[in-house]
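Student: Single-letter residue listing:
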Amino acid sequence: MTQPFPFSAIVGQDEMKQAMILTAIDPGIGGVLVFGDRGTGKSTAVRALAALLPEITAVQGCPVNSAKLEDCPEWAGIGSKRVVKRPTPVIDLPLGVTEDRVVGALDIERALTRGEKAFEPGLLARANRGYLYIDEVNLLEDHIVDLLLDVAQSGENVVEREGLSIRHPARFVLVGSGNPEEGELRPQLLDRFGLSVEVASPTDISQRIEVIRRRDAYENDTAAFLKRWRAADTKLRKKILAAKEALPSLETPEQTLIDCAELCIALGSDGLRGELTLLRAARAVAAFEGATEVTRAHLRKIAPSALRHRLRRDPLDESGSTTRVSRAMGELFGTFLTAAE
Amino acid sequence: MDARTISDAEARWARAGLALSVLAVNPTGLGGLWLRARSGPARDRFLAALDALPLPLRKIHPGISDTQLYGGLDLSATLGGGKVVNTAGILTNPCAIVLTMAERCPAGLAARLATALDQGTHTLIALDEGADSEEVAPPSLTEPLGLFVTLDDIPLSALSTELIDAGAIATVRQRLPQVTCPDALRDDLVTIAATLGVSSLRAPLLALAAARTIAALFGEDVVQPDHIRLAAELVFAHRATAFPDAAEAQEAETPPPPPEDAQTDGGDTESDQDQSLPQEILLEAVQAALPPDVLAALAAGRATRARSGAAGSGATKRGNRRGRPLPSRPGRLDGQSRIDLVATLRAAAPWQPMRRKAAPQGHSLHIRAEDIRVRRFEERSDRLLVFAVDASGSAAMARLAEAKGAVELLLAEAYARRDHVALVAFRGTAAELLLPPTRSLVQTKRRLAALPGGGGTPLAAGLETAMDIARRGRDHGMTPTLVVLTDGRANIALDGSADRRAAGDDAQRLARLCAGEGVPGLVIDTSVRPQPALATLAQTMDAPYLAMPRADAHRLSAAVSDRLDA
Chain D
1 MTQPFPFSAI VGQDEMKQAM ILTAIDPGIG GVLVFGDRGT GKSTAVRALA ALLPEITAVQ
61 GCPVNSAKLE DCPEWAGIGS KRVVKRPTPV IDLPLGVTED RVVGALDIER ALTRGEKAFE
121 PGLLARANRG YLYIDEVNLL EDHIVDLLLD VAQSGENVVE REGLSIRHPA RFVLVGSGNP
181 EEGELRPQLL DRFGLSVEVA SPTDISQRIE VIRRRDAYEN DTAAFLKRWR AADTKLRKKI
241 LAAKEALPSL ETPEQTLIDC AELCIALGSD GLRGELTLLR AARAVAAFEG ATEVTRAHLR
301 KIAPSALRHR LRRDPLDESG STTRVSRAMG ELFGTFLTAA E
Chain V
1 MDARTISDAE ARWARAGLAL SVLAVNPTGL GGLWLRARSG PARDRFLAAL DALPLPLRKI
61 HPGISDTQLY GGLDLSATLG GGKVVNTAGI LTNPCAIVLT MAERCPAGLA ARLATALDQG
121 THTLIALDEG ADSEEVAPPS LTEPLGLFVT LDDIPLSALS TELIDAGAIA TVRQRLPQVT
181 CPDALRDDLV TIAATLGVSS LRAPLLALAA ARTIAALFGE DVVQPDHIRL AAELVFAHRA
241 TAFPDAAEAQ EAETPPPPPE DAQTDGGDTE SDQDQSLPQE ILLEAVQAAL PPDVLAALAA
301 GRATRARSGA AGSGATKRGN RRGRPLPSRP GRLDGQSRID LVATLRAAAP WQPMRRKAAP
361 QGHSLHIRAE DIRVRRFEER SDRLLVFAVD ASGSAAMARL AEAKGAVELL LAEAYARRDH
421 VALVAFRGTA AELLLPPTRS LVQTKRRLAA LPGGGGTPLA AGLETAMDIA RRGRDHGMTP
481 TLVVLTDGRA NIALDGSADR RAAGDDAQRL ARLCAGEGVP GLVIDTSVRP QPALATLAQT
541 MDAPYLAMPR ADAHRLSAAV SDRLDA
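For the record, the sequence lines run as chains D and V. Under the numbering used here, the final residue of the first sequence carries the number 341; numbering is consecutive throughout. Under the numbering used here, the final residue of the second sequence carries the number 566; numbering is consecutive throughout.
Any given hint could be a false lead.
[Unchecked claim] For lysine-lysine, the following DSSO-like pairs were computed, each having C-alpha atoms within a straight-line distance of at most 30 Å: (1) V:K357 with D:K301; (2) D:K17 with V:K445; (3) D:K235 with D:K17; (4) V:K445 with D:K117.
In short, the hints are calculated from the structure, not lab data.
Next comes chain D alone, as it looks inside the complex (with noise of 0.2 Å):
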């Protein structure tokens, strides 16, 4: 692994890139769940990602990631103040982590050399305002899982365990994904994740061999086509940043509200998790788009992603939660866009 494939290089999975493109500019969104099979370009995609992040601020040293010396643990002992640049973090959660790699655990080496008791952080402390990837998210241990949850929900990671008494900040973008047909994901895990989207190979014959092709390209010579693609990412790179700042001053008109209101009643999910999603969700994509206000035409992007996912199952209705969100738009909104969109 040496240099990611270019995000704006990848080929189709529109939804996919949107989600984790919405994700970059509020991560308050919180997280993105891929389910697809094997082989569709999921572990690429957010590969990818990780490279076209824009930087991150923080304290040389600080194990958590922290933008100002006041919010460093006091237990990482930092006295620079030195403030450097680094990529965003995008750490990886291996399927066969143990519980104290995840939180963090005494430090063994300083306990059996120096007798001292010392905090080892752990991949929360490290995806600190980054992002935290769990390949096949539905076969993680179910201790790793609860774990997690609470962490994601809170913000703040809790260690109390071998004499440890230690807490840090935590706050970090979980993406997932797997494959349904090994495993389904409990509905609170399925619940803590913002969007959720599905992704297949292309079955157009053109598409398929276009995504050989630059994936050819990119193995054979990785540097020229990197260079080719940079020109693209630096673009979306820079677009993201706009949005991120423009994102505040958004204007959320009232009716946009009664639509997310309705639109979550109608398919009855449940909790009011799904409307602040869709509403933040749809504020990223007006952001990302340059509007100034957010309005139908962003509900009716990104309501399948911020929903489909938060449906109480109804295993008699044949069709999928995606057509039934689209259904339920058709019903509330109208089947195309009309004029005032």
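Using the hints provided, position chain V relative to the given structure of chain D.
Tutor: Chain V only, in chain D's frame:
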């Protein structure tokens, strides 16, 4: 054995040699090799030739623990040296992993290995000894492996030729980076993959790597059409889910091919690509590469295997007595759990200097209650619900539809209850397994999309197949329950004859068998007037009898739930 089969066997042996040479030249580019063969001289010869790989061989088994895979703390060295010493895991350094008993590989291990392969430093040789279509290595494991070799039925006489020219491999490897592939041929590989119903895009990439390697093996710098053909044979043959030309021959075994736009417009592009290979030649070559029975077994395996590794949330029971080892956790010794001595020592190790200082005259090793780590194992003891549904007669469609609804409803609740569901339909003269044991709602929906109906009532055959599934489920550590759904008397005997009396006797005999095996059951009578014969059958089966005329999906699933919870 006539001359043709001998030459066939020789061709297959030669193809196995080619696959091995390709892997030896480009082990990481191809991902690995899936060897499906029972033990025998051919397999032994093949395994001996693996020494030609440029990577060290490391043998693993499906029950391997994470510490062995990823490495961990070396306790004795750490305690002795006073500093942390880690052992290297199998995945730490580049190597060729040889996975024995790949057909028993759990989904968790498959995912771990696939992730390791993605990094491009390892190669995996999966030794699949599956006896029948039931036992196939999991798709998540075999999907990233480029090559497939089957060695069954190759006679000794065919093994005379040397499998691989080990001396030439190193020079071929040097040539490999210079080999280029013409665009038209590359696009051919993508098109043929789509035509064969191979949906993953990894397959054409692997085939491309194989074609390049084959060109290098033949001493060429540019890939030729012949190399494309050989690569397609090695990489696509076992992945194919559709053979457009031979659709009729395969129809009985394989599910209908997914609608593929590519099939219709694949031919148009050919005329303007003069270097391109005719599709039919490629198709024929790929099709001839594997014996039809192997293909059928693979197709059946694809369908059944998806369920097997469902190690997701709640799919498996975590005990601490037996099963696949899981990481140990802090706990207390309550007489039932087993202590993980190494993990306990590891937990206690850092504290030794401090504790010794606190109690200098005490023991040399200080272990406190909070250091205790308890072993945990993953154990499969899920419940398996086998539905045997009568698909005969006029009411068949409605009953099947309701049974299908009940299956899906039960699966929807399966989160909390760890249930697997299977569905057997019987009609005409035989029974058919429509849904192999699964807990995936996605798979169920797809498999049950079209349900056949009509004909006689081979109740005995239905019971027999259902019992078979139940027994197999039990072998996998599941607890089976049988649910029979019918509205009529048995009128087709086990041998297929339309003899009411023999049919009734057969059904009674199988019912006794069920009772003898101790499989709990439930007989649901859906006819308008309850049938006394069915009540007798239920009695023989030692199962409750329920008369539910016009049962709908919700009532069915409620009745089955009640029975399960009783």
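Student: Please go over all the hints and tell whether each is borne out by the structure.
Tutor: Do the hints match the structure? See the list:
1. A distance of roughly 66 Å separates the Cα atoms of K357 (chain V) and K301 (chain D); the hinted pair therefore is violated under the 30 Å criterion.
2. Among the hinted pairs, K17 (chain D) with K445 (chain V) is consistent with the structure: their alpha-carbon atoms are about 28 Å apart, no more than 30 Å.
3. A hinted pair counts as satisfied when its Cα atoms are at most 30 Å apart, and K235 (chain D) with K17 (chain D) qualifies at roughly 15 Å.
4. For the given pair, K445 (chain V) sits about 55 Å from K117 (chain D) by alpha-carbon distance, which is inconsistent with the 30 Å threshold.
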